[in-house]
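*Asks:* Now for the letters of each chain:
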Amino acid sequence: MFDFSIVTNWVHSTLTSVMPEGWAVFIECVVIAVWIITLYALLAIALIYMERKVCGFFQCRLGPNRVGKWGCFQVFADVLKMLTKEIFNPKNADQFLYNLAPFLVIIASFLTFSCLPINKGASILDFNVGVFFLLAASSIGVLGILLAGWGSNNKYSLIGAMRSGAQIVSYELSAGLSIMTAVVLTGTMSFSGIIEYQADGWLIFKGHIPAIIAFLTYLVAGNAECNRGPFDLPEAESELTAGYHTEYSGMHFGFFYLAEYLNMFIIAAVAATIFLGGWMPLHIGGLDGFNAVMDFIPGFVWYFAKAFFVVFLLMWIKWTFPRLRIDQLLSFEWKYLMPLCMANLLLMTLMVVFGLHF
Amino acid sequence: MKNEHNTYLGLVFGAIKTLLIGMKTSIKVYFRKKVTEQYPENRKELKMFDRFRGTLTMPHNENNEHHCIACGLCETACPNDTIKVISKNIETEDGKKKRILDRYEYNLGSCIFCMLCVNACPHDAITFDQDFEHAVFDKSKLILKLNHEGSKVEEKKKEQ
Chain A
1 MFDFSIVTNW
11 VHSTLTSVMP
21 EGWAVFIECV
31 VIAVWIITLY
41 ALLAIALIYM
51 ERKVCGFFQC
61 RLGPNRVGKW
71 GCFQVFADVL
81 KMLTKEIFNP
91 KNADQFLYNL
101 APFLVIIASF
111 LTFSCLPINK
121 GASILDFNVG
131 VFFLLAASSI
141 GVLGILLAGW
151 GSNNKYSLIG
161 AMRSGAQIVS
171 YELSAGLSIM
181 TAVVLTGTMS
191 FSGIIEYQAD
201 GWLIFKGHIP
211 AIIAFLTYLV
221 AGNAECNRGP
231 FDLPEAESEL
241 TAGYHTEYSG
251 MHFGFFYLAE
261 YLNMFIIAAV
271 AATIFLGGWM
281 PLHIGGLDGF
291 NAVMDFIPGF
301 VWYFAKAFFV
311 VFLLMWIKWT
321 FPRLRIDQLL
331 SFEWKYLMPL
341 CMANLLLMTL
351 MVVFGLHF
Chain B
1 MKNEHNTYLG
11 LVFGAIKTLL
21 IGMKTSIKVY
31 FRKKVTEQYP
41 ENRKELKMFD
51 RFRGTLTMPH
61 NENNEHHCIA
71 CGLCETACPN
81 DTIKVISKNI
91 ETEDGKKKRI
101 LDRYEYNLGS
111 CIFCMLCVNA
121 CPHDAITFDQ
131 DFEHAVFDKS
141 KLILKLNHEG
151 SKVEEKKKEQ
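If you read the sequences in order, they're chains A and B. Per this note's numbering, residue 1 is the first one in the first sequence, and the count goes up by one each step. Per this note's numbering, residue 1 is the first one in the second sequence, and the count goes up by one each step.
Keep in mind that the hints are not guaranteed to be accurate.
[To be verified] Restraint ranges, calculated between C-beta atoms of paired labels, are given here:
# : chain 1 : residue 1 : chain 2 : residue 2 : range
1 : B       : V12       : A       : L100      : 39 to 49 angstroms
2 : A       : A292      : B       : M23       : 35 to 45 angstroms
3 : A       : V169      : B       : M23       : 41 to 51 angstroms
4 : B       : I27       : A       : A292      : 33 to 43 angstroms
5 : B       : I27       : A       : M19       : 54 to 64 angstroms
6 : B       : I112      : A       : W70       : 35 to 45 angstroms
7 : B       : F137      : A       : L143      : 51 to 61 angstroms
8 : A       : R325      : B       : M23       : 14 to 24 angstroms
9 : A       : T38       : B       : L9        : 46 to 56 angstroms
The hints are simulated quantities; they were obtained by calculation from the structure and are not laboratory data. The beta-carbon is built from N, C-alpha and C at its ideal position, and this holds for glycine as well.
Between the sequences and the hints, there should be enough to build the whole structure, so can you do that?
*Replies:* Okay, structure coming up:
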């Protein structure tokens, strides 16, 4: 297994040999920021393309197929169009909040994105309460959505934002509880620790029943948290035109759009990291030859393959089920999903106490 | 079995079951052959459905004969004044006066493809074909003459 920290350590020692450490850290920070933004944009393009193709296939269509072979340049064309569009401000909008909101959403998304370890030794933010930080950072996004709805002086936006607030605040609980179930089993809150724990088997196998339930509840809650799938009430197109981003145009709308897709990827990647082992290859205890072969596949390939598999699951759910009503949404969370998560957490705790896991 | 859906757990399991049925249905569609027609590439083998209304035509048989008796019912039925039936009177060999079709003018530019003309025709002289590539560079090219040059009405075979 290739350890990426060799590269980062080499870069750091080379830089510190020619300049003071402060400057070296500064340059590394700039490089990493550029890297995050590039990866973010590329992933967003890949996800939007995948979404449009998968959506088409689920509706018995072909999806985009005109720009480039199989329409692979369609999203690049869309991004170029978006960059050239005018950003305008509605007359009676709260200008400061209106312009601030997309940046809050995208910053929350960036912060969450930088928590994810892509390869062994290639995690950008990794510390002992990483899971806690991820949950905290991802919930800044709802602030941006609320401000966008409030600031744009539009009733559709406001209704969308209020729905979003109710929805995200509720489903954050279930998402948190499902992740807590995994934390109970692994006994650590840092992502590198959670992945190290899965070296001899992914959590979904090691924790069997409660881990599978937690994985599914996390997918449902995460899907609701990023306003997608059957839970897309905040931007319900048939009811609210575009919900909280009705008044936005150009790249401000683009930020919401990017953040929406990247939040979906983040949910999928967190599920893949916590329950499916992240960059950890498929290891089966006892079969050393098999494990050695699996180690030849680099970690980031495993990571992206697992994340995109979960993304496909989320898209499958989104393009199968109709949208819920707001009362159904809230009663589903408070009457069904959260009690299930709590019972599951209890089950996992009992299992860890009596040593019933693998 | 009936009140299973009224209990809390019955509702949960019923919901999971129906959700899985839905996901099974959609994944089947995902792998099914796609219905998208890629038009300009497939124009050779593209086949429109039977009742498609392309252009109004007047079918002629191999002797250059059509069924139109120039009664003008299609012209009156047309809501858009798209059809002009121009007739002329001739004298047949046995001395009878007869009105026959001279020009059947059809303006594609104002046709709304409602099919009232075809329904009004008592002799099934006109019908819609499958041709839908109507774009031309000049408006005057949209005015079509449906009866062929030198055609005449098909005589009824007298039953003896």
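*Asks:* State for each hint whether it applies.
*Replies:* Going down the list of hints, with the structure as the test:
With their beta carbons about 42 angstroms apart, B/V12 and A/L100 fall inside the hinted range of 39 to 49 angstroms. The hinted window of 35 to 45 angstroms between A/A292 and B/M23 holds, with their beta carbons roughly 36 angstroms apart. Hint check: A/V169 to B/M23, Cβ distance near 28 angstroms, so the stated range 41 to 51 angstroms is violated. At roughly 35 angstroms, the beta-carbon separation of B/I27 and A/A292 lies within the given 33 to 43 angstroms, and the hint holds.
Evaluation of the 54 to 64 angstroms hint for B/I27 and A/M19 yields a pass: the beta carbon distance comes to about 56 angstroms. For the pair B/I112 and A/W70, the beta carbons lie near 38 angstroms from each other, so the given range of 35 to 45 angstroms is met. Separation of B/F137 from A/L143 is about 57 angstroms and conforms to the stated range, judged on CB atoms against 51 to 61 angstroms. Judged by the Cβ atoms, the range 14 to 24 angstroms given for A/R325 and B/M23 holds: they are separated by roughly 21 angstroms.
Between A/T38 and B/L9 the C-beta distance comes to about 49 angstroms, which sits within the given range of 46 to 56 angstroms.
When each numbered hint is compared with the structure, a violation occurs for hint 3 only.
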